[in-house]
Amino acid sequence: NAGVTQTPKFQVLKTGQSMTLQCAQDMNHNSMYWYRQDPGMGLRLIYYSASEGTTDKGEVPNGYNVSRLNKREFSLRLESAAPSQTSVYFCASNERSEKLFFGSGTQLSVL
Amino acid sequence: GDSVTQMEGPVTLSEEAFLTINCTYTATGYPSLFWYVQYPGEGLQLLLKATKADDKGSNKGFEATYRKETTSFHLEKGSVQVSDSAVYFCALGNTGGFKTIFGAGTRLFVKA
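Going down the list, the sequences are from chains C and H. Per the numbering used here: the first sequence = residues 576 to 686. Per the numbering used here: the second sequence = residues 401 to 512.
Don't take each hint at face value.
Taking CB as the label site, the calculated pair distances span [what the hints assert, rightly or not]: (1) C:K674 / H:T428: 20 to 30 Å; (2) C:D613 / H:N422: 20 to 30 Å; (3) H:E469 / C:N605: 28 to 38 Å; (4) H:E476 / C:S626: 31 to 41 Å; (5) H:S483 / C:P614: 16 to 26 Å; (6) H:E476 / C:E654: 16 to 26 Å; (7) C:E627 / H:K511: 45 to 55 Å; (8) C:R671 / H:G478: 31 to 41 Å; (9) C:E648 / H:K511: 37 to 47 Å; (10) H:K511 / C:Q682: 36 to 46 Å.
Among the chain C residues that face chain H by a calculated CB cut under 10 Å, a handful are [said to hold, decoys possible]: (11) V579; (12) S624; (13) G633; (14) R671.
These are calculated hints, taken from the structure and not from any lab test. All C-beta atoms, glycine included, are put in the ideal place defined by N, C-alpha and C.
Take the sequences, apply the hints, and build the full model.
Structure follows, in structure tokens:
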């Protein structure tokens with residue numbers, strides 16, 4: 576009963592380092608999403624993939640890239656991390672804007 | 401554009417008190433409305449939803465009614481428990497795309 580699995584759970588980076596956050600879902604959902612959560616700002620959409628082979632920008636895409644590797648997997652890459660990217664990152668999936676299923680989150684600190 | 405506004409927190413209540421968390425929305429079309437809950441250290445999970453006007457969503461003693469005339473979807477619970485302490489997010493979806501729009505979240509503390 577895995578649902579949405581994100582790795583890693585915690586990460587500390589230095590400014591300028593790169594890293595990739597991994598996400599996989601086992602519910603055969605077409606759509607996958609990356610959100611960031613910051614205090615007082617709720618969840619903001621970074622990128623989404625409506626279906627395998629497509630990706631689109633969300634509200635706050637700058638500084639990020641994504642890859643929809645296959646139907647199960649959707650990764651988020653920070654090419655050159657900045658302190659402003661310190662946040663909690665959530666991956667989610669669903670079908671046609673219905674109920675979202677979330678991973679447990681990645682807490683990222685950029686020093 | 402579409403948006404969700406919910407009351408600022410934190411909200412602090414004693415056990416068995418009545419809870420209301422206000423949520424209003426702006427949307428074109430006919431969105432579905434959701435309440436998600438986030439317990440400490442976890443991702444969000446769906447608490448309840450409503451898909452059309454006058455629908456009432458309910459789960460675990462929580463209720464919310466989709467009010468098109470007031471564009472609201474207020475969350476209520478008659479008697480809160482310490483275990484209800486969490487952050488609650490109002491959201492709207494199915495707005496012509498694939499993007500769910502979230503409110504800022506309301507943190508609830510329930511004291512024994």
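Checked hints:
no. : hint                        : in the structure
1   : C:K674 / H:T428: 20 to 30 Å : 21 Å, holds
2   : C:D613 / H:N422: 20 to 30 Å : 22 Å, holds
3   : H:E469 / C:N605: 28 to 38 Å : 34 Å, holds
4   : H:E476 / C:S626: 31 to 41 Å : 37 Å, holds
5   : H:S483 / C:P614: 16 to 26 Å : 23 Å, holds
6   : H:E476 / C:E654: 16 to 26 Å : 45 Å, violated
7   : C:E627 / H:K511: 45 to 55 Å : 48 Å, holds
8   : C:R671 / H:G478: 31 to 41 Å : 33 Å, holds
9   : C:E648 / H:K511: 37 to 47 Å : 43 Å, holds
10  : H:K511 / C:Q682: 36 to 46 Å : 27 Å, violated
11  : V579                        : 8 Å, holds
12  : S624                        : 9 Å, holds
13  : G633                        : 7 Å, holds
14  : R671                        : 7 Å, holds
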